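If you read the sequence shown in the numbering used here, its first letter stands for residue 19, the second for the next number, and so on.
No lab work stands behind these hints, which were simulated from the structure alone. What you are looking at is a predicted structure, and each value in this text was computed from that prediction instead of being measured. Misleading hints may appear alongside valid ones.
To be verified - Straight-line distance between alpha carbons at most 20 Å, and here's what the computed SDA-like set of lysine to any residue pairs gives:
id	residue 1	residue 2
1	K670	T711
2	K264	R239
3	K134	A155
4	K264	T179
5	K373	D338
6	K132	R239
7	K134	T159
8	K812	E570
9	K132	T179
10	K373	E407
11	K132	P190
12	K134	F154
13	K264	G176
14	K128	A205
15	K670	T705
16	K128	P192
17	K128	D235
18	K132	Q187
19	K264	Q274
20	K670	Q639
21	K670	A627
22	K373	R318
23	K132	P240
24	K812	A558
25	K670	D692
26	K128	P206
27	K264	T283
28	K373	T443
29	K373	Q274
30	K134	L118
31	K812	R577
32	K812	A789
33	K134	E171
34	K128	Q196
Stated by the list, open to error - Using C-beta positions, here's what the derived DEER-type ranges look like:
id	residue 1	residue 2	range
35	R181	G489	40 to 50 Å
36	D235	N725	54 to 64 Å
37	P360	R399	32 to 42 Å
38	V297	D235	53 to 63 Å
39	N725	D659	22 to 32 Å
40	P268	S332	29 to 39 Å
Think of the CB as a built atom: it goes at the ideal place given N, C-alpha and C, for glycine as much as any other residue.
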Amino acid sequence: MMHEERRPARWAGRVRAWCGASRVARRASRAARWARGGWQGTAGPPPWAPGRRRRRGDSTTRCAALLSALMTWLRFPLVAVALLAGFIIPRSAAAQVAELQVTPDRLTLKLGEKRKLLPVAFDARGTILTGARFAFASADTSVAAVGGDGTVEGRQPGLTTVRVTAGEQSYPVPVLVQAVAVAAKAAPVAAIVFPEPELQLVITESAQPVALAQLTDGTTRPLERARWSTPNPSLVAVDPNTGRLKALRPGSAAVQVTDGTVTGTLRVEISAELELSAVQVQLAVGDTTRLALLAPSQGRRVTRVPVTWASLDSSVAVVDPTGLVRALAAGQTTIRVGGIEPEGAVRVSVHAAVKEFVLTPAPEQGPLRVPLTGVRAVGFRVIGGDGAEIADARVAWQVGDTTIAQWEAPLRSVRGLRIGRTTLTATFGRQPPVTWQVEVVGGGLRADRERIVLRPGDGGRVSAAVLSEGGAPLELPSGAAAVTWSSDRPDLVEVAPDGALRARAPGRAHLVAGTAWGAADTVTAFVVGDLLVGSSRDGAFGLYQLFLERPEQFLPLARILGRAVTQPARSPDRASVAAAAMVDSGNVDVVVLDADGQNLRRLTAEPGADTDPRWTPDGRQLVFVSSRVQGTPQLFAVGADGGAARPLTSGKGGAATPDVSPDGQRVAFVSSRDGGPRLWEVRLDGTGLRRLTTGTDREATPRWLPNGDLVYTVEAGGSRTRVVRLPAGATVPTLLVEVPARVAALAVSRDGRQLAYVTSRLAGSGAARVAASELFVRPLDAAPTVPSAPIFLKPGEQLAGVDW
Numbered sequence: 019m020m021h022e023e024r025r026p027a028r029w030a031g032r033v034r035a036w037c038g039a040s041r042v043a044r045r046a047s048r049a050a051r052w053a054r055g056g057w058q059g060t061a062g063p064p065p066w067a068p069g070r071r072r073r074r075g076d077s078t079t080r081c082a083a084l085l086s087a088l089m090t091w092l093r094f095p096l097v098a099v100a101l102l103a104g105f106i107i108p109r110s111a112a113a114q115v116a117e118l119q120v121t122p123d124r125l126t127l128k129l130g131e132k133r134k135l136l137p138v139a140f141d142a143r144g145t146i147l148t149g150a151r152f153a154f155a156s157a158d159t160s161v162a163a164v165g166g167d168g169t170v171e172g173r174q175p176g177l178t179t180v181r182v183t184a185g186e187q188s189y190p191v192p193v194l195v196q197a198v199a200v201a202a203k204a205a206p207v208a209a210i211v212f213p214e215p216e217l218q219l220v221i222t223e224s225a226q227p228v229a230l231a232q233l234t235d236g237t238t239r240p241l242e243r244a245r246w247s248t249p250n251p252s253l254v255a256v257d258p259n260t261g262r263l264k265a266l267r268p269g270s271a272a273v274q275v276t277d278g279t280v281t282g283t284l285r286v287e288i289s290a291e292l293e294l295s296a297v298q299v300q301l302a303v304g305d306t307t308r309l310a311l312l313a314p315s316q317g318r319r320v321t322r323v324p325v326t327w328a329s330l331d332s333s334v335a336v337v338d339p340t341g342l343v344r345a346l347a348a349g350q351t352t353i354r355v356g357g358i359e360p361e362g363a364v365r366v367s368v369h370a371a372v373k374e375f376v377l378t379p380a381p382e383q384g385p386l387r388v389p390l391t392g393v394r395a396v397g398f399r400v401i402g403g404d405g406a407e408i409a410d411a412r413v414a415w416q417v418g419d420t421t422i423a424q425w426e427a428p429l430r431s432v433r434g435l436r437i438g439r440t441t442l443t444a445t446f447g448r449q450p451p452v453t454w455q456v457e458v459v460g461g462g463l464r465a466d467r468e469r470i471v472l473r474p475g476d477g478g479r480v481s482a483a484v485l486s487e488g489g490a491p492l493e494l495p496s497g498a499a500a501v502t503w504s505s506d507r508p509d510l511v512e513v514a515p516d517g518a519l520r521a522r523a524p525g526r527a528h529l530v531a532g533t534a535w536g537a538a539d540t541v542t543a544f545v546v547g548d549l550l551v552g553s554s555r556d557g558a559f560g561l562y563q564l565f566l567e568r569p570e571q572f573l574p575l576a577r578i579l580g581r582a583v584t585q586p587a588r589s590p591d592r593a594s595v596a597a598a599a600m601v602d603s604g605n606v607d608v609v610v611l612d613a614d615g616q617n618l619r620r621l622t623a624e625p626g627a628d629t630d631p632r633w634t635p636d637g638r639q640l641v642f643v644s645s646r647v648q649g650t651p652q653l654f655a656v657g658a659d660g661g662a663a664r665p666l667t668s669g670k671g672g673a674a675t676p677d678v679s680p681d682g683q684r685v686a687f688v689s690s691r692d693g694g695p696r697l698w699e700v701r702l703d704g705t706g707l708r709r710l711t712t713g714t715d716r717e718a719t720p721r722w723l724p725n726g727d728l729v730y731t732v733e734a735g736g737s738r739t740r741v742v743r744l745p746a747g748a749t750v751p752t753l754l755v756e757v758p759a760r761v762a763a764l765a766v767s768r769d770g771r772q773l774a775y776v777t778s779r780l781a782g783s784g785a786a787r788v789a790a791s792e793l794f795v796r797p798l799d800a801a802p803t804v805p806s807a808p809i810f811l812k813p814g815e816q817l818a819g820v821d822w
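Required output: the full structure, derived from the provided sequences and hints.
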């Protein structure tokens, strides 16, 4: 730096001695000062600079002009080299531009201030191109405008970019326009910011980052006296003065810049992946194409990695230093790409003029019908002038409206995206384009659900979407794909064409969505009762449903001739029912059936009774009680589709009447492991066993409420039973109702508002005494003294289980 500052002074001394006049000496001295720090107190060039008025023939003026030119060259060495190179190595304007440099590489202007950019173009050998033509463009002309000669004018405060272009190369110049002249004391620097907070490079690639000083007043300016460094020198090399980077190895690097007080950090992502823009090119004689080296992991951007291009047969095709390939004669050649490892290669096929372009089906045969989400193949052959087919002919395909259809080159097919009409155009070389009319018709259809469960009188709505081939719903314009609905049992469920439905009577109906092109999907609708019970009213135990509006009417749901089906439990969506049943072997197993009693499936088949099934809230598992291990009832869990059951509890005392918490994490149950039947809890994974209550009374039948409270029964002495509620986290329950009988079954409605329970007592006397059941329903928040509403049962009818 010291050497660079003294050099203008030495030149000024020589010129002062040569001129030999005190006036010239003073100007030379001022020139030296201007070369070191600029002309103080004067806008524009110094008084002796070119363009100032001077007398012709004045030797002093000539000396000053010479000195001005020398100072300009010393301040802008790149311009000096460019001018000298223009005289020494003249170049043709047609030469290809391989690199572009602009001086200065950034500008700071005041409002109305003008400064000129000086660009220089180089070819691939690094020689200056004197005939190169440059174009200038501002990204935001409201901030800064640029003329055709490269003069930039500041118009309003802000930051923009002026892009200088020559041939295929361009160079961005950041331009900062300040509102007014800087005050006597500039605002301090608060931070160092980067217009591009992250750079993407590949190994051997170079880049010039831009850093700006952000002041405490919110404005920005170019960073002064910046020093650049990196903590990752093995990944990226950094010029400490200019900040120019070169990627060395793949990885994530940090580049830091500081002005002595504030430091900024720039992220640099370096990849080793490179790929050619094409590995095979097909051209007609006279055609051209440009090859490039891309970074696939960085959005396939064109890299600035220096490479060499060479054709192995220049009689077939030639390539210039920028990768531009020109086809000369029919044949094949290979373009070698050097400067990368491994060396790249592009196969180039050049064919003669085309005689005929044959397409199947022919466009004149009518519209090309394409299924929505499906494909329609299109055949084509290209015939050369010698009558032979041109192998691997590259045809360009274009769809008029790519929201309706798209061309899929690997399949040589057009794919329908949405219903509508568009065009498909094929072009090959200089042949006239050929166009089809394309009609996209509907594809698959999917309803918004598989099953829906209703009560008589309930309403609702179903819908269906047209699908893509991948199964994703497609958004269709209004009226483009009308879906209509119908019911196979309108006496059970009515459905309007738009999907609005109304449940009429218990049973199963199929709601069918259809389209004009034949696509369809089905929703199974179940109409069910309010309560589900296991009852012996017709002899053997079976499942029945009843409606609170008509409690005297029990509708049979499931019976197995000569076998018992008890303890029903509806799935969370009410479309399935789990129960304990004797199927073939006389052993009691867990079974699952549809909401209308059809499609009975056995989930368990192990020796020992499997009873008391309860669903998890997601409907994927069932928890049940089994005595398969040493005859002691314990809790097990099994998938809703079957499979091996896994134990949840073990040890003495057994387990009974489980229920799964609303969050699906815990199971409440009854166990006598500490002496008497008490409420316990275990996690669904079998861990976290703990007791829930602290009393000494006999407890039974826990049922969770939606808010996490528990409802269960407590024997009150004699034949009386209390139904109580235990708030979440509490140990002392509150009374809901006291019943003068033993409660055999208990159920809480899904909304937590109603309670149903079954009592059991011995009726009659002597040898004629039999167990009799009663069914009651009451609001959960009713006072304990409010009597429960009984449901009519047959004399001697017994109930084994109840659920909502």
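- Would you list, in rising numerical order, the hints stated earlier that this structure does not obey? 2, 4, 5, 13, 18, 20, 22 and 29
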